[in-house]
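Please work from the sequences and hints to get the whole structure.
Taken in order, these protein sequences are the chains called A and B.
Per my numbering, residue 1 is the first one in the first sequence, and the count goes up by one each step.
Per my numbering, residue 1 is the first one in the second sequence, and the count goes up by one each step.
Hints are supplied without guarantee of correctness; some may be wrong.
These stretches of chain B come out as covered by chain A in the derived footprint (C-beta under 8 Å, 3 or more residues) [to be verified]:
{"id": "1", "region": "158 to 165"}
{"id": "2", "region": "209 to 215"}
{"id": "3", "region": "288 to 297"}
Computed beta-carbon distance windows for the label pairs [as the list claims (entries may be wrong)]:
{"id": "4", "chain 1": "A", "residue 1": "Thr-58", "chain 2": "B", "residue 2": "Gly-101", "range": "31 to 39 Å"}
{"id": "5", "chain 1": "A", "residue 1": "Thr-58", "chain 2": "B", "residue 2": "Tyr-148", "range": "18 to 26 Å"}
{"id": "6", "chain 1": "B", "residue 1": "Gly-93", "chain 2": "A", "residue 2": "Val-118", "range": "52 to 60 Å"}
Keep in mind the hints are simulated off the structure, nothing from the lab.
Backbone N, C-alpha and C define an ideal beta-carbon position, used for all residues, glycine too.
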Amino acid sequence: MKATNDKEMELLLGRHAQRIKTTSAAGAARANEGPHGHLDADEMNAFAENALPESARTRYVSHLADCDSCRKLAAELTMTTSAAARLTHVTNPERSFLSSLGPAITAFFSFPAIRYVVPALAVVVLVTVAFVALRHREQREFVAQNEPASTAKPADVPTAPFQGSSANRTATPLQRESGQETSAKVNPAKDAAAEKVQSADIKQNTSGYAGAANAQQPGFAPEPNAATNERDEKSRNVPAAVPAAKPEPSNSIKLADKASADEPAPAARDTLAAQKEEQFSKRNRDAGLAAPPKSGIVASEVKSKGGPRRAREQSESEGRSSGTAQARTSEVSQETRKVSGHTFYLQNRTWVDAAYTSSLKLTTLTRGSDKYRSIVNDEPGLRAIAEQLGDVVVVWNGKAYRIH
Amino acid sequence: MSKPAVLKRTPLTDNSEQVEKLTVEGAKRLLERATDSRSLDTSALSGRLRSALEKYLLKDNPRAPAESVNKFLDAVHADDLCLKVACERGDEGAWSDLVEGHGSTVRSAARSASSNEDAAEDLAQSIWAELHGLKARDDGSAAGKLAYYSGVGSLGGWLRAVVGQLAIDQHRKQARFVQTEEEPEMDRLSRSSHQSEQVFAANPGLNPEESLASERAGAHVEQALTRAIAELAAEDRLLVKLYYFDGLRLREAGAVLGVHEATASRRLSRVHTDLRQHVATILMNEHGWTRSETDRSLAEVTSHLEVDLEPLVTAPALDANSTGAS
Chain A
1 MKATNDKEME
11 LLLGRHAQRI
21 KTTSAAGAAR
31 ANEGPHGHLD
41 ADEMNAFAEN
51 ALPESARTRY
61 VSHLADCDSC
71 RKLAAELTMT
81 TSAAARLTHV
91 TNPERSFLSS
101 LGPAITAFFS
111 FPAIRYVVPA
121 LAVVVLVTVA
131 FVALRHREQR
141 EFVAQNEPAS
151 TAKPADVPTA
161 PFQGSSANRT
171 ATPLQRESGQ
181 ETSAKVNPAK
191 DAAAEKVQSA
201 DIKQNTSGYA
211 GAANAQQPGF
221 APEPNAATNE
231 RDEKSRNVPA
241 AVPAAKPEPS
251 NSIKLADKAS
261 ADEPAPAARD
271 TLAAQKEEQF
281 SKRNRDAGLA
291 APPKSGIVAS
301 EVKSKGGPRR
311 AREQSESEGR
321 SSGTAQARTS
331 EVSQETRKVS
341 GHTFYLQNRT
351 WVDAAYTSSL
361 KLTTLTRGSD
371 KYRSIVNDEP
381 GLRAIAEQLG
391 DVVVVWNGKA
401 YRIH
Chain B
1 MSKPAVLKRT
11 PLTDNSEQVE
21 KLTVEGAKRL
31 LERATDSRSL
41 DTSALSGRLR
51 SALEKYLLKD
61 NPRAPAESVN
71 KFLDAVHADD
81 LCLKVACERG
91 DEGAWSDLVE
101 GHGSTVRSAA
111 RSASSNEDAA
121 EDLAQSIWAE
131 LHGLKARDDG
141 SAAGKLAYYS
151 GVGSLGGWLR
161 AVVGQLAIDQ
171 HRKQARFVQT
181 EEEPEMDRLS
191 RSSHQSEQVF
201 AANPGLNPEE
211 SLASERAGAH
221 VEQALTRAIA
231 ELAAEDRLLV
241 KLYYFDGLRL
251 REAGAVLGVH
261 EATASRRLSR
271 VHTDLRQHVA
281 TILMNEHGWT
291 RSETDRSLAE
301 VTSHLEVDLE
311 PLVTAPALDA
321 NSTGAS
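Okay, here's the thing in structure tokens:
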């Protein structure tokens, strides 16, 4: 009610002022002398500068209320004065800030409308933020996300992964298996520390299979410093590794240092790794590894059979990340994606579901085909996967699909 | 602690001797305060301080306590007052200081008060002539323009006020000169009344009888409003005039009143309530309206105003154009 009254009076007064103006313009209300006569310049200035005692001020106020010309001049002078005052205030920022803070807040909340609008706005903003955040969380599952590069990944993923960027290599199954360790290192790994340890693996694996005898002995000097450094670097990547990593100056660490020192350029490492691979795969074949999909596991089992020393070393270098020091765990610095709760690894330009095993029968779906549509339409999660990844092998409701 | 305060606050008996004493002391403090006292002594200043005191404090409150007398005297612009007195005494250095220090102030004030550069130059020249005129006469105490400066406000502000008033005077003289040709104004008046008729005619849904009644009601409201405004307290009336008549913003109106925008806003809101009550009282007492009738017709008039707002706003613009043309 008060607001409407305000509006009412505002309109009425506006019209009233308009009328008075038109009549006074016609000369009717001209020379409107106030009760005390016009203000002289000194009074005017003292008023504008607010330098008057209260009682005198009141006297002039009543004249100004009734005398148009005096009022206009007084208003003009006040504007000039306050503009000048503002300028001097600028040179005095702290005071002006503090003194203006209180009134500014009061002014902010002074209008009745604003008093309610501000809290209302705040509520609206809050609700919007909450809504967006919740929706975002809902949607996130369906959006492809790159996982952090260095994650511990169980090695029992059947199809030997990590061809990745080294896809130019023709990947025979065996090569791929042997690549399980090496390709990760050959790949431009993002983490230098991880790479170092990985390259230690190369050296070690090679020595384990090919020239174990000479690789074993030479560097068996306990080097606590090197060991700690290595561990530190490692634990920065995988914090969980810290408890598992026993302070054990092993020759593998020594070798790790050596290996990384020995390899000046990635290209050189590449050829080196390729050699190692060859040897490795030969060993594997010799060991009678038959079924390619299972060979990942077998290979690591074979490795663990390589002797207690090797097992220990492996758990040192590989198993640190898992904390449980399983020989079957290998560290991955590899691009993975997560869509609709499924994790995918890139191999041969195909995203392969982590849940996929070769025992599952693959159904091939071509995008755009009727079959594809009929399956995908009922499954938004599957659709999200199909739409966001290129060629993909996905396990959905116990069935494996290859979508391309 | 409270006792001396009480003693201090005891009003002065209408004792001009005591006021004189306070004034001389104030003059002494003023000279100490001034960065350049221009080799003046207390006797040169006390007379002027005394008259300022009479004008601004003792006139309203002859028995002002010593406290407020001292407060008043200590707020006087020491350097400006010294400069002014020195000028009046024919101090050449003071004069050149005045011209140098305030020439730009006078020029900018003249420029903002005049329509063009030539008029501004003329105005500034006539100001300096008036200020100088008294120096040529060479009788320091004589009432020249500069003598009116009391030191209560700043000298620069006073000069701006002088320029402004001179501009208004000149404008008045010109206006009186031009006033003979009132015909276009009459024309305009008749046309604007014509327009308001058109507004009513263009208002559909109102038969002539109704529109006549509502017009009469509107006239009553208008009358009551005029009276209610006239009977407002001076501060409130000034606020209404500044805001509605002069079209100042709330912040500006507040500055004129020496209050913050928020205070001005609150005050305006209260004035609205007061005015409405007053208008309603007048309507009920003098026109025999009932409360509900008053509320209804106020709302009605307002709603008409809302509809008519556009013609009302555009009409003066048209007028301004026609005056500019003539």
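Okay, the hints, checked on the actual structure:
For the region 158 to 165 of chain B, the stated coverage by chain A holds: 6 residues have a C-beta nearer than 8 Å to a C-beta of that chain, and at least 3 were required. Three residues within the 8 Å Cβ limit are the bar, and the region 209 to 215 of chain B against chain A gives 0, so the coverage statement is violated. Residues of the region 288 to 297 of chain B with a Cβ under 8 Å from some Cβ of chain A number 0, which does not satisfy the need for three, so the listed coverage is violated. Range check, Thr-58(A) to Gly-101(B): about 33 Å between beta-carbon atoms, so the 31 to 39 Å window is met.
Thr-58(A) and Tyr-148(B) have their C-beta atoms about 22 Å apart, which keeps the hinted 18 to 26 Å range intact. Taken as a hint, the range 52 to 60 Å holds for the pair Gly-93(B) and Val-118(A), whose Cβ atoms sit roughly 58 Å apart.
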